[in-house]
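S.K.: Each protein sequence line maps, in turn, to chains L and R.
Each residue of the first sequence is one higher than the one before, counting from 30 in the numbering used here.
Each residue of the second sequence is one higher than the one before, counting from 46 in the numbering used here.
If you are wondering where the hints come from, they were derived from the structure by calculation, not from laboratory data.
Just so it is clear, the structure is predicted and the values come from calculations on it, not from any experiment.
Even glycine gets a Cβ: it sits at the ideal position worked out from N, Cα and C.
A partial selection of chain R residues facing chain L, derived with a Cβ cut-off under 10 Å:
no. : residue
1   : Lys-52
2   : Ile-53
3   : Gln-64
4   : Pro-202
5   : Ile-204
Chain L regions said to be covered by chain R (calculated; three or more residues, Cβ under 8 Å):
no. : region
6   : 62 to 71
7   : 330 to 343
8   : 377 to 390
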Amino acid sequence: MSTRVKGITSQIVNKITPSGIRRFFDLVASTEGAISLGVGEPDFATPWHIREAAIYSLEKGQTMYTSNLGMPELRRELARHLKKSHGLDYDPETELLVTVGVSEGVDLACRAILDPDDEVIMPDPCYVSYNSCTILAGGKPVMVPTSEKNNFEIGAADIEAQINDKTKAIMLGYPANPTGAVMPRDKLEQVAEVARRHNLLIISDEIYGSLVYGTEHTCVATLPRMKDNTVLLGGFSKAYAMTGWRLGYAAASREVIAAMFKIHQYSIMCAPTMAQFAAIEALKAGEDDVTAMVEDYNRRRLVMLKGLNKIGLHCFEPKGAFYAFPSIKGTGLTSEEFAEKLLMEEKVAVVPGEAFGQCGQGYVRCCYATSLEDIEEALSRMGRFVGRHRK
Amino acid sequence: MLKEILKILEKDAKATPKQISTMTDASAEEVSKLIKKAEADHTILKYKTIVNWDKVGDEQVSAIIEVKIAPQRDVGFDAIAERIYRFPQARSVYLLSGTYDLLVMVTGKTMHEVAEFVTTKLAPIEGVNETTTHFMLKRYKEDGEILGDSGETKRQPVIL
Chain L
30 MSTRVKGITS QIVNKITPSG IRRFFDLVAS TEGAISLGVG EPDFATPWHI REAAIYSLEK
90 GQTMYTSNLG MPELRRELAR HLKKSHGLDY DPETELLVTV GVSEGVDLAC RAILDPDDEV
150 IMPDPCYVSY NSCTILAGGK PVMVPTSEKN NFEIGAADIE AQINDKTKAI MLGYPANPTG
210 AVMPRDKLEQ VAEVARRHNL LIISDEIYGS LVYGTEHTCV ATLPRMKDNT VLLGGFSKAY
270 AMTGWRLGYA AASREVIAAM FKIHQYSIMC APTMAQFAAI EALKAGEDDV TAMVEDYNRR
330 RLVMLKGLNK IGLHCFEPKG AFYAFPSIKG TGLTSEEFAE KLLMEEKVAV VPGEAFGQCG
390 QGYVRCCYAT SLEDIEEALS RMGRFVGRHR K
Chain R
46 MLKEILKILE KDAKATPKQI STMTDASAEE VSKLIKKAEA DHTILKYKTI VNWDKVGDEQ
106 VSAIIEVKIA PQRDVGFDAI AERIYRFPQA RSVYLLSGTY DLLVMVTGKT MHEVAEFVTT
166 KLAPIEGVNE TTTHFMLKRY KEDGEILGDS GETKRQPVIL
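Make the full structure from the sequences, and use the hints.
M.R.: Here it is, written out as structure tokens:
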């Protein structure tokens, strides 16, 4: 008789709960003709000159592996880009790693720095992978509540209150998915000060760094004495509308990059070659595309923000990314109930805030990277819905 | 602010002042005022629609005509250009550098109609030395808009 007591799957993996709102996603997928504000990607196709560069690379037969770190030319362009946009000096030979999106970057960073039971402090709500990647790496996520009252900015004192001798890192993702929050420079400086005082690394996911409106994005690594204590993660998906290419990068100290590289070379080998060719073109000649897309997003952002407030879903002003995060507390529904009923009754899909952490309860994420017509139609349907469900 | 309004209108001439005010920080009244002013001073020339006539099945013939002309004292090319662009058949008229002087775009209902215009109106103008007429075979892109059906790309309905 079998005496197997353990399950087939790893206990660590078992610790990760599949998203509680999986059922809701399936519901959206099976609803015909719904307007979706639930996406997390641009509605633009990748600019043609970038696609064309990748096509050309394929025509030339550039289909082999690249250097594990990523193509030297791409790393040089990344170094140039980081110097130009943030004044940062990273050595393309030892301090940059080309990854399969920021998603891989988050995973690598966690696995490279965490020992069992090390704690990682992160804002609640935050992007879904921070929590899971920490657990998968054997660590323990510590969620620090943020609130609409503070524009969903994480507070230095709140972080400090959670620090103990197990704390290893702070994970930040600003401009933020799902809230659209941007950390103002002074607030970020306070967080950096806490990190320095307690000798903590900051893992900073800045994938939305170039999507800010009427404000400046501060790169964590530019703060005094923070470059060597920051794992800076960036990518091409959002700024250049390249989500499907799966390409990102990590910039950090030689020591951290070397550790991340060890994992990367065994689990990934290298990022997709054609995507790297596309990325070189994006960095060399994509600045105008980004500017044009930001202008366009900003118009839609204002339509979404004003529209939500008008129909009675109070929304703080999101200054980055392409999300609005309105409060639905006035309806008395939970965010999952709200999302489900809205889908059934008015065929509009939004993402329940609790998918991103407990503090997302009472909010829904509305992505405005969709056509103006759809935003306006969705707002009018939501207006009807809110009118019916006001408490 | 005017620049922002013009950018929005250039993309969508149907955007109303109210819609534009939602997209910007200006009030609807302010937007209306700026648009009226831009219309008055001809910053905004006209609101047009880009039509794919092939879909309507309405036959239409377009031609691009290269025109070589002899410039005249004091007015250069302008006087002859004016004689040409006054014809409603000439949809666009440009002065170019290079091997010919004017580029004239003509649209008519039939090839015959276009040929008639070139041979009886355009070519005989005094000072017009030579014309070369290119009939347009296919329009791929008009004013920044691709005319063919360019297959919709599909996004996943929910992505975190």
